Amino acid sequence: MILKPPPIVLACLLATLLVPAALLLGLLSGSSGWGWPNADILWLIRVPRVLAAFGTGAALALSGALIQLVTRNPLGDPHVLGVTSGASVGALLALLLLPAGFWLGPEVGAMLGALASMTLVFSLAWRSMGRGLAPSAQPGTVAVLLVGVMVGAACGAAVSFMLAVANDFQLRNIVFWLLGDLNGASVWWPVWLAVAVSFAMAWPRAQELDWLARGDAWAWTLGVPVARRRRIAILAACIATGVAVATAGSIGFVGLVAPHVVRLTGLRNARLLLPFSALFGGVFLVLADTVARTIISPAQLPVGVISAAVGVPLFLMLLLRRRA
Amino acid sequence: MTKSLPLRLENIALRAGAKPDGRLLCSGLDIAIAPGERWVLLGPNGAGKSTLLMSLAGLIQPDAGSIVLGDLPLPAWRSEALARTRAWCPQFWLDPFPVSAWETVACAIIATRPELESERVQQIAREWLTQLDAGHLADADVRTLSGGERQRVALATACAQDAPLLLLDEPTSHLDWSHQAVLQALLKRWSQDGGTVLAAVHDLNLAWTFATHALLLDGRGGAIWGKREEVLTADALASAYGVPVNIIEDGASRWFRVELEG
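From first to last, the protein sequence lines are chains A and B. Residue numbering for the first sequence follows the numbering used here, starting at 1 and increasing by one per position. Residue numbering for the second sequence follows the numbering used here, starting at 1001 and increasing by one per position.
Keep in mind that a hint or two might mislead.
[Claimed, not checked] As a list, the in silico DMTMM-like pairs of lysine to aspartate or glutamate whose alpha-carbon atoms are at most 25 Å apart: (1) B:1019 - B:1170; (2) A:4 - B:1141; (3) A:4 - B:1127; (4) A:4 - B:1095; (5) A:4 - B:1119; (6) A:4 - B:1170.
[Claimed, not checked] A partial selection of chain B residues facing chain A, derived with a Cβ cut-off under 10 Å: (7) 1059; (8) 1088; (9) 1089; (10) 1093; (11) 1103; (12) 1253; (13) 1254.
[To be verified] Restraint-style ranges between C-beta atoms, simulated for each label pair: (14) A:24 - B:1147: 34 to 44 Å; (15) A:142 - B:1261: 40 to 50 Å; (16) A:227 - B:1177: 48 to 58 Å; (17) B:1073 - A:157: 49 to 59 Å; (18) B:1092 - A:35: 56 to 66 Å; (19) A:19 - B:1117: 23 to 33 Å; (20) B:1073 - A:197: 48 to 58 Å.
I should point out that these hints are in silico values taken from the structure, not numbers from a laboratory. Given the structure is predicted, the values throughout are model-derived calculations rather than measurements. From the three backbone atoms N, C-alpha and C, an ideal C-beta is built for every residue, glycine too.
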């Protein structure tokens, strides 16, 4: 199959058009109907929510792209590898144990939870983090996935346990984590900060991640400090995922699909893949959230429902059309 | 291409899996490899050919002894400088994501010559693919290539790294006859330009026509090395492979045939 060169100009053009369009659409529609809302609704409700949605989508997509590259696994995703579950546990622990209103408690808790689960996954499944390289076989790609699913299951059990012991007030907060909902997202900027930090960590050396995806040993012979690159990328992914989960609960799917959609358009290099995945994830989640809070208004759906309902067919369609 | 540096193996011992409790693959390898030489690594499956190539690439530490490239032992080399000095072409390739053949080759060019402009990188990548008769595959997705086509892309990648010392792990395992000839001719030019080639191969006839020197591992810890005439003898081969090898001498050249009973 012949691969087309990446349509960089077109992609930039589309991004500059789609990002403001999606943000505007999100601002103009709400449970009170279509149109320009009054200033209080706009600034206190719509703007933070749309910004939180964009940042969350961008964070999950960026994290998904990074995890796919460093595990060289097209199935890599913060959700699949148990990172979001770990982040949920961390955020919930922070909610339950810290005094109410503790500044950025859930965010930091989620980030630590994400880091803990990811460290666990990699130390169990991937012994060759250092210079001891296993060049021939595919080191740990299947093992990482299996261990990730297991760690995710364990974290799920931990969440269920906390659900059982929590009091009524805490329960409402917990359910919001589980559903993956932007309804409770009142603070929008931590996730933008997390995206910026994570992007700044990963992007300057993104090219080397591309080489890493083609084998540790080969990348090492090209002069790439393999273990360090991978650790930095994983740390960046954990920061982005953790804060995204703290902002909007565990929303699956965006992290898996966004990098694949971007790749299918021809933007395959990690240097292009990372920023455009983030943009696509942001736009996607803003649109999904807009639908989620208007489709059965005045009631609201959790955004995870819409992102899966739209994302799964979209992804399958792209995949099957490419095969044909 | 810059001229290759002399490579010295000083009393090398290797163990399977590079683990101290692994099976002993070979010991006491004391070999000097000069620029312009073409070496073949021979031996039965699991004899340690790949392990030796990986330790020469600096990927694993030998169990004993040291490998000296130029004036420095391998661990003392900076990895960026090493990338411009030796290229390693593994036996297996991972292609988890769609990528075109020329972009794969471009990785090696960007890694060793980051100062080049992207058009120039693409041009060099396509030239190397053409050299290996894979120019028509430059824009194809590497995951859709056949085994031999993928191998030619891999070999083009190794050559494009522009490192004079080539460490090729079974470079002809998937190649048809015509492309084996293309590769042989290319590697001969490579060594005449001052490069050094070490290749693990299984085909004795190919080894004879290609190499100037040979290293034969017997898989039981023993090894012999030297000029190809001294190593590729019926006794040595039969002892290493465990099957009788018949050599037909034809002037200065030799033909190898494995004699089976019945």
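Okay, the hints, checked on the actual structure:
1. Taking the CA atoms of residue 1019 of chain B and residue 1170 of chain B, the gap is about 23 Å. The hint holds against a cut of 25 Å.
2. A C-alpha spacing of about 9 Å is found between residue 4 of chain A and residue 1141 of chain B, which places the hinted pair at or below 25 Å, so the restraint holds.
3. Between residue 4 of chain A and residue 1127 of chain B, the direct Cα distance comes to roughly 19 Å. Compliance with the 25 Å bound is thereby established for this hinted pair.
4. Using a Cα cut-off of 25 Å, the hinted pair residue 4 of chain A and residue 1095 of chain B holds, with the two alpha carbons roughly 17 Å apart.
5. Taking the CA atoms of residue 4 of chain A and residue 1119 of chain B, the gap is about 16 Å. The hint holds against a cut of 25 Å.
6. At roughly 31 Å between alpha-carbon atoms, residue 4 of chain A and residue 1170 of chain B are farther apart than 25 Å, so this suggested pair is violated.
7. Given the 10 Å rule on beta carbons, the hint for residue 1059 of chain B holds: about 5 Å separates it from the nearest Cβ of chain A.
8. For residue 1088 of chain B, the shortest C-beta to C-beta distance to chain A is roughly 5 Å, which falls under 10 Å, so the interface hint holds.
9. For residue 1089 of chain B, the interface hint holds, since its Cβ comes within 10 Å of a Cβ in chain A; the closest pair sits about 9 Å apart.
10. With 10 Å as the threshold, the beta carbon of residue 1093 of chain B comes within range of chain A, its nearest partner Cβ sitting at about 7 Å, so the hint holds.
11. The beta carbon of residue 1103 of chain B comes within 7 Å of a beta carbon in chain A, closer than 10 Å, and the hint placing it at the interface holds.
12. Taking 10 Å as the C-beta cut-off, the interface hint given for residue 1253 of chain B is violated, the closest approach to chain A being about 34 Å.
13. This hint is violated: residue 1254 of chain B has a C-beta 32 Å from the nearest C-beta of chain A, more than the 10 Å allowed.
14. For residue 24 of chain A and residue 1147 of chain B, the hinted distance range of 34 to 44 Å is not satisfied, since their beta carbons lie about 52 Å from each other.
15. Between residue 142 of chain A and residue 1261 of chain B the C-beta distance comes to about 43 Å, which sits within the given range of 40 to 50 Å.
16. Between residue 227 of chain A and residue 1177 of chain B the Cβ separation comes to about 42 Å, which falls outside the hinted range of 48 to 58 Å.
17. For the pair residue 1073 of chain B and residue 157 of chain A, the supplied restraint of 49 to 59 Å holds, since their beta-carbon distance comes to about 51 Å.
18. A hinted range of 56 to 66 Å holds for the C-beta pair residue 1092 of chain B and residue 35 of chain A, which are about 60 Å apart.
19. Distance hint check for residue 19 of chain A and residue 1117 of chain B: the Cβ-Cβ separation is about 30 Å, which falls inside the suggested range of 23 to 33 Å.
20. Restraint check, residue 1073 of chain B to residue 197 of chain A: a C-beta distance of roughly 40 Å breaks the suggested window 48 to 58 Å.
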